[in-house]
Amino acid sequence: MHINYWQEIRNNSLGRIGMIILVLVAGTALLAPVLAPDDPFTQTPDSLESPSAQHPLGTNDVGQDILSRLLYGARTSLATALVVAILATMLSLAAGASAGLIGGLYEKMMMRLVDAFLVIPPMLVVIIAAAYIQPGMIHLVLLLSLLGWPAGARIIRAQTLALKEKLHVRASRTFGAGPLYILKRHIIPDLGPVLTANLIRGARRAVFMEAGLSFLGITDPMTVSWGKMLYHALKYVYLDVWQWWLLPVGIALSLTVMSFTLIGYSLEEAMDPRLRREKHA
Amino acid sequence: MFRLRDSANYLAAFLIILAVNFFLPRLMPGDPLTAIYGEEALVHMTPDAQEELIQRFALDRSLGEQFLEYCSALLRGDLGYSYYFNDTVSAVVFRAVPWTLLLVGTAILISALAGSIAGMESGWRRGKRTDRALLAGIMFLEGFPDFFIGMIMLIVFGVVLKVLPLAGAMTPYAGYTGLALVQDILRHLILPASSLALVNLGGTFLLARNTMVSILGESYIFTARAKGLRERVVSYRHAGRNSLFPVITHIGIQFGRMVTGALFIETVFSYPGLGLLIQKGLQARDYPLLQGVFLVVTVTVLVTNLFVEVLYKKIDPRLRPCISTTGRKLETTV
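Here the protein sequences come in this chain order: E and S.
If you're matching positions, the first sequence starts at 0 in numbering that gives the first Met the number 0 and goes up one per residue.
If you're matching positions, the second sequence starts at 0 in numbering that gives the first Met the number 0 and goes up one per residue.
For the record, the hints were derived by calculation from the structure and aren't laboratory data.
Computed from a predicted structure; not experimentally measured.
You can trust all of the hints, since none of them are fake.
Distance condition first, Cα-Cα at most 30 Å in a straight line; then the derived DSSO-like pairs of lysine-lysine:
hint, chain 1, residue 1, chain 2, residue 2
1, S, Lys-313, E, Lys-107
2, S, Lys-226, S, Lys-127
3, E, Lys-107, E, Lys-165
4, E, Lys-163, E, Lys-107
5, S, Lys-279, S, Lys-161
6, E, Lys-183, E, Lys-107
7, S, Lys-161, E, Lys-234
8, E, Lys-163, E, Lys-183
9, S, Lys-279, E, Lys-234
10, E, Lys-107, S, Lys-312
11, E, Lys-165, E, Lys-183
Let the hints inform the model, and build the full structure from the sequences given.
What follows is the structure, given as structure tokens:
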């Protein structure tokens, strides 16, 4: 599986759109302090104002500038996505690759655990756990990572099993290479595309779940989050404010999720020869 | 054929769920009774009542005995007491279950029908303009979080057009009976159910489309065409029927996702199902209620998945163990 996936994403029009959106969202997240007209936390008496030069998207129920909160919200979403994707993929790699390389009873137990985890809806576990822990950002990220590894572990194990039998891996084993060396030098580099796809899937799920959880009001009240903004905007849906409060936030959230979906899809297309043949038929 | 091996994963999953429910409150720092019942509930309780609860959960005994006590309470159908609703958790949960089932059931029906028809049409016209438009549209929909689709539907049909009700499952105190009641419930169901169906359309659509595409290369399609059958007949009776099979399994697998989605959709539309209970439980920190809903939902999802898996093995002869002509079971399965 030696694919130049950067090239593949760029050549795929869907992937290109996804990359552009993601770069834009990441740019807003990084430049939020520069772009935001106001401090996202300052409460003013001017609540529920319509858009004006001072507040391009108006103000919310406690008089905070909506645009500023929207821009800062990108930080929460992307930071969660990045950390959860990396942590969950590392867990998947540890579990999947070790199961594939060690085999035997350990592999059986590990895969049973993965299968058991896969049939439990993860969102529910996060909700119940979060209700007790009342997580801040760090706990939330850890919680999401801990529940995000099983699906990836399964794919990585399957790939590891296939790679293990490759000639160059066998050859290195005859030269006396141990499992850790094989993992580092041969398995992980060849897992590249699978790991990348896994990272993107993890990022997408993390954005989704963070928004969902903060929509339910579970997360730390001090964090600016799109999900929470949507929840508050929904309470005033009968007023006109949804036009500049609810819609922009929902669209920003959907665009972020969509950019991951598009990149992931173009990657899968690059990796799966069956999908590729269909495209060129 | 039901075999114990099929259910091992589900048994393990069930144990994990039980463990989460049992250990989570007990591992929290501080007094376990506070963690089980939440601070707000304890404030209103007399010391006698607290003493009784400690006895009931066996909190003064070892962890093993507590677990046995917990399991025996579950077996008796005792899920605890919700102080927010001032009723047993099981009663509160089972009042909400029918609404969630109605919502999820309707949404599954809509998404299965619309998804497989659109998928089959799309696959039949692979590479043409309709196919591309459908594919792009559905990929676009996949990107929306469940609750945002719900909000858009709510704004368009409830706020702007004012044609459908904004919240609830029926008009309160309207005193409808018979047909009027059914009509009222359906009117309240349309928005949440179609929102839920819309976000979950993608999987069914892609599956139906892919199966259709691969079936179109089969020789019996060629034969059907050679017989001079009309397009409709070939696409639906020959190709379509056979591409439905994977879709049916997919619906079963999707059930868990749908139920989770329903929790959010219910919050958006204040639909009186389990999702709204979760939201109220979270706001009131009513832990026994949250645990009860969690247990009921996860177990329902597990049972449904197990059922679908067993059913699928029954329908699809390829997954059954081989039976030789002598009637003896062979070791390997194909």
